[in-house]
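> Protein chains in written order, with our numbering: chain D, 1 to 126; chain G, 1001 to 1117.
These are calculated hints, taken from the structure and not from any lab test. Do not rely on the hints blindly, as some may be mistaken.
[Unchecked claim] Under the rule of at most 25 Å between Cα atoms (straight-line distance), these lysine to any residue pairs were calculated in the SDA-like manner:
{"#": "1", "chain 1": "G", "residue 1": "Lys1102", "chain 2": "D", "residue 2": "Glu85"}
{"#": "2", "chain 1": "D", "residue 1": "Lys28", "chain 2": "D", "residue 2": "Glu85"}
{"#": "3", "chain 1": "G", "residue 1": "Lys1010", "chain 2": "G", "residue 2": "Leu1081"}
{"#": "4", "chain 1": "G", "residue 1": "Lys1010", "chain 2": "D", "residue 2": "Arg71"}
{"#": "5", "chain 1": "G", "residue 1": "Lys1023", "chain 2": "D", "residue 2": "His79"}
{"#": "6", "chain 1": "G", "residue 1": "Lys1098", "chain 2": "G", "residue 2": "Gly1079"}
{"#": "7", "chain 1": "G", "residue 1": "Lys1102", "chain 2": "D", "residue 2": "Val72"}
{"#": "8", "chain 1": "G", "residue 1": "Lys1010", "chain 2": "D", "residue 2": "His79"}
{"#": "9", "chain 1": "G", "residue 1": "Lys1023", "chain 2": "D", "residue 2": "His91"}
{"#": "10", "chain 1": "G", "residue 1": "Lys1098", "chain 2": "G", "residue 2": "Leu1081"}
{"#": "11", "chain 1": "G", "residue 1": "Lys1023", "chain 2": "D", "residue 2": "Val49"}
Being a predicted model, the structure only gives us computed values, none of them experimental.
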Amino acid sequence: MSTTPEHPTPSSASGPLKGPVQNIVETKLAEHFDLQHLQVENESSNHNVPAGSESHFKLVLVGECFASMSRVARHQSVHELLAAELAGPIHALAIHIFSPEQWRERFGDAPLSPPCLGGDGSLESA
Amino acid sequence: MTDAVVDNIKDQIESNPIILYMKGSPQAPQCGFSAQTINCLVECGERFAYVDILSNPDIRATLPGYSNWPTFPQLFVEGELVGGCDIITEMFEAGELKPLIKEASARAQAAEGDAEA
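For reference, chain G alone in the conformation it holds in the complex (with noise of 0.2 Å):
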């Protein structure tokens, strides 16, 4: 079964250029470390997935091993791990988080009209 948990997380990170696990739902985040990352985030201004890991036991029980990182939220962008709430919090302070999104979600854009193209 853990396989198929893995291929979903896969399939998730790799078909969502912003994506992030978190604990609740941006409008309803359930954890204060998963709030401080949805301002951040929002602040960025792009569409973004998200996956509520309280409501998919088994991706909370999975992804941690698949991604080498103990905690959530983790923020996933074009399939790499960005970091968990503290590393987010860094690069917005720092600006840097607002153009990684902003590329990537620019990128993704650009895919999807050439596809359409």
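This is chain D alone, in the form it adopts within the complex (with noise of 0.2 Å):
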């Protein structure tokens, strides 16, 4: 199965003004790996930050380029990728990293559109 990936397309809901860490961040991983998927949520209005910062970040990325790797590897890949961003401006960031494969276990057929992973287990009753 040897599908084009479709063009990442960055989710919008993560507010209506882009900054121009998420933006970096965004192109960055969209040029570095073959993605099925790519989420940049900024979440720093959840944290105790000024308004418009971007400190805190939350990827969801599912590319058949991760399949292979372990989750530490895949994790130490979008580090080295976005070192100077973690040394700089974000100050934490969440990864989700999937293979297509993983991404179709867990949420089903469903198209690619991104379930929140907020952690809080609601999903698994689905």
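Two chains, each in its own frame: build the complex with the hints.
This is the structure in structure tokens:
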């Protein structure tokens, strides 16, 4: 199965205005990895930081390129790519990485529209 | 000085089968990611060691370079980096964390028993 991956379309659910850091993160990830899905969400407003901050992000990445990598190696590949941002403006980075197969196992054949991975376990009942 | 810190870290990771580097303590985590990780670990029901990196700034500064992992918390089991909050939570929800922790703990206890015998 070699479908041409859709052009990664970053979610627009994260707010009306994307800051410069978010744009850099999205661009780097989309250019570096061959992704079926990419979501970059600025979660800074959930934290005790000034309005408009770009300090806390959540990433959801789905790509065949991750299938053969361990969990730690997957995260390290993202850490490495975003090293400058992690050493600078980004204070916290939640990362959820799936191969397409893992994504289907977890979320079924639903289109790659991302459920929230907030970690409250509510998805388990689906 | 950094070499001494690295030696210290190596010693901690080697002598504790389950060790978490976190912000704050299990009783009073100082960060949501550390708190969530602690919840998963406590559910596994085994004893584990922890290091509060907020009160150990040299470990906080040195561990990321040693482990190739830039953020905290960081969980090590039997000398190996298992991951941070996202990976621990994922493994916990997939039912993979508990057996990993239980088995590591059982092996450590068996080794201790051998040493005492």
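> Each hint: holds or not?
Results of checking the hints against the structure:
| no. | hint | in the structure |
| --- | --- | --- |
| 1 | Lys1102/G x Glu85/D | violated (37 Å) |
| 2 | Lys28/D x Glu85/D | holds (11 Å) |
| 3 | Lys1010/G x Leu1081/G | holds (12 Å) |
| 4 | Lys1010/G x Arg71/D | holds (22 Å) |
| 5 | Lys1023/G x His79/D | holds (20 Å) |
| 6 | Lys1098/G x Gly1079/G | holds (17 Å) |
| 7 | Lys1102/G x Val72/D | holds (20 Å) |
| 8 | Lys1010/G x His79/D | holds (22 Å) |
| 9 | Lys1023/G x His91/D | holds (13 Å) |
| 10 | Lys1098/G x Leu1081/G | holds (16 Å) |
| 11 | Lys1023/G x Val49/D | holds (18 Å) |
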